[in-house]
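*Asks:* Going down the list, the protein sequences come from chains A and B. Those letters in the first sequence? Residues 1 to 325, by full-length UniProt numbering. Those letters in the second sequence? Residues 1 to 327, by full-length UniProt numbering.
It is possible that part of the hints are untrue.
So these bits of chain A aren't anywhere near chain B, every CB distance computed over 12 Å [what the hints assert, rightly or not]:
#1 Ala55
#2 Gly181
#3 Ile212
#4 Val216
#5 Val222
#6 Asn226
Derived BS3-like pairs: lysine-lysine, alpha-carbon spacing no greater than 25 Å straight-line [stated by the list, open to error]:
#7 B:Lys127 / B:Lys217
#8 A:Lys148 / B:Lys127
#9 B:Lys129 / B:Lys38
#10 B:Lys38 / B:Lys132
#11 A:Lys146 / B:Lys38
#12 B:Lys135 / B:Lys217
Calculated directly from the structure, the hints in this document are not laboratory data. For glycine and all other residues, C-beta sits at the position ideal for the given N, C-alpha and C.
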Amino acid sequence: MSTSSGTNTGTSTDKVQKAETKLDQPLGQRNKATGGGKAKRVKQRLTSRWATFAAIVIAVIWTIPTFGLLVSSIRTPDEIRTTGWWNIFVSPSFTLENYAEVLTVSGASSANLGQYFVNSLVIAIPAALFPIALATMAAYAFAWIKFKGSGALFVLVFALQIVPLQMALVPLLQIFSGVLGISGTFPAVWIAHTIFGLPLCIFLLHNFISEIPGEVVEAARVDGANHTQIFFRIIIPLSLPALASIGIFQFLWVWNDLLVALVFSGGTADVAPLTQRLAELVGNFGRNTERLPAAAFISLIIPLIVFFSLQRYFVRGLLAGSTKG
Amino acid sequence: MADFLSDFAEKFGLMFLGLAAFAAVVGILLFLADRAPKRGRDVLQLLIFLLPAGILLTVGLIYPAVNTTVLSFFNRNSQEFVGFDNFVWMFTQPQIQITLLNTLVWVALVPTLSTIFGLAYAVFIDKSKGEKVLKSLVFMPMAISFVGAGIIWRFMYEYRAEGFSEQIGVLNQIIVWVGGEPQQFLQNSPWNTFFLIIVMVWIQTGFAMVLLSAAIKGVPVEIVEASRLDGANPWQTFWNVTVPGIRSTLVVVVTTISIATLKVFDIVRAMTGGNFDTSVVANEMYTQAFNRGEFGQGSALALVLFVMVLPIVVYNVRIMRKQKEIR
């Protein structure tokens, strides 16, 4: 939190920054940690040694499942089937065989994940960009173009967030297969994700865009800029941090989604994403035991990279968007 | 390999085509808005900014939601009006009764347990060494897909009949080590539902922890200090100062996790497929509508889901609005 802004009356960049720090605050947090910092805060932990111990126990329990899967994925298929992953500490072994098998071997009975990985990317990139683009436009209109019924319309969009995905699946599928004839193609999945992402994206971006200082927009207007110019020259550059957070959230949401994919992708290796293939593989757990650890990890790689490298944006996006779906 | 590369090239080609087409449409619209004649420009610009999202939402969300509501009063292929038959079916069919009951168990347990674990953990690690690392360890499951989490836990719960082979699942191995009999965690009803719930708790605890941790840091130092000077022990300080201080965050955490829990689908799908009496409403809706072609019953279940989610969302929104005013 910036502490130096007390001296002047708050320039517009300050205000933008303020709006940005607001994004960092989790929902429902009323109190702000004002000044002072850690040094001033008193130690108030419960009997601290036991607390630390309990924390470490929880952390270990929470990590073991994922860690076990990672270890399993680098053991030989035979070992995965017959002994537990903890045996690696007794008889260490290492192989990338499973990864090679699930990624590259093609054929009817193989996992074929290379193709599905491509599908996931081809689905998630546009399905993150489309709703963000359309939502930014709509959010700008709600925030900075005055028109009759603006408030009511915005409340309607906001209210759409409470419609569970499940409410829209059957009719939307009928539209896709009956009217448009695109069921089971990439565009169908893109459009479905775009629609389901829009209400939340509009709402969040509106929160941000409406905080952009009025003077900046006004000044541009006085200079003769019209809405399109204001949109491109002021709104987009100033909202980039928000766009990044919400974009990352939407990307991960789509990447991790199973339901929309199941309904709209048609389920073939041509279109279906990783999650869907994983769900199929796990459906026959016995036959795929040795493939699943590597397969699951392939699907986790992208989210984990995002999580560890872009944690700040990740947390923001997640906190803002956790009610989605 | 060559197959893979051509497949790769083809799909990415399609993606760029899609992106280009989208950019072209939006670009042309915005260009038109830019060049519009002075008269009526404002209206045209407004429409161009608003209509793409508006049309998609109307066709893709508003109409379907209304349509689903209507379909829930029709028979399986939506041809014949059947009144409340689908709802009567739902509440009289033992299988669906279990499904509804399971959903209630989920929504009672997941938010409670996640919040308790998340809060305890947030308090324990507050201001400790390595707080950041400890936080990411518990928060990490949040980045993972529900399907991925399902697979991770399938291995935790994996069962091998006693005497035939070594256990490969951690939990059964521990049971064997302490001299117990290995369990089929995912098949023995009704306990299997609880083992599925654990997976969701594992995921959501990190979310609760991150929010509550931030809220705890927001409790004014002076009050905490004052309570200690008055002789309160850490436990009393926690209950009488910290908890009231983070109350609104607690409400948001609980309601948000409740909503996510009501809609849970992937975990059940990936771990049991809804068999062995573990189905929940969201999963049953999919099964009825898309596996069995019972669109009427599927729609009715979707409507029930909506009705269950509605009050929580409304409450959540009200709390959030209140907080905005305080800010």
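*Asks:* All the hints need checking, so say for each whether the structure fits it.
*Replies:* Status of each hint after checking the structure:
no.	hint	in the structure
1	Ala55	violated, 4 Å
2	Gly181	holds, 15 Å
3	Ile212	holds, 15 Å
4	Val216	holds, 18 Å
5	Val222	holds, 16 Å
6	Asn226	violated, 6 Å
7	B:Lys127 / B:Lys217	holds, 9 Å
8	A:Lys148 / B:Lys127	violated, 51 Å
9	B:Lys129 / B:Lys38	violated, 63 Å
10	B:Lys38 / B:Lys132	violated, 56 Å
11	A:Lys146 / B:Lys38	holds, 17 Å
12	B:Lys135 / B:Lys217	holds, 14 Å
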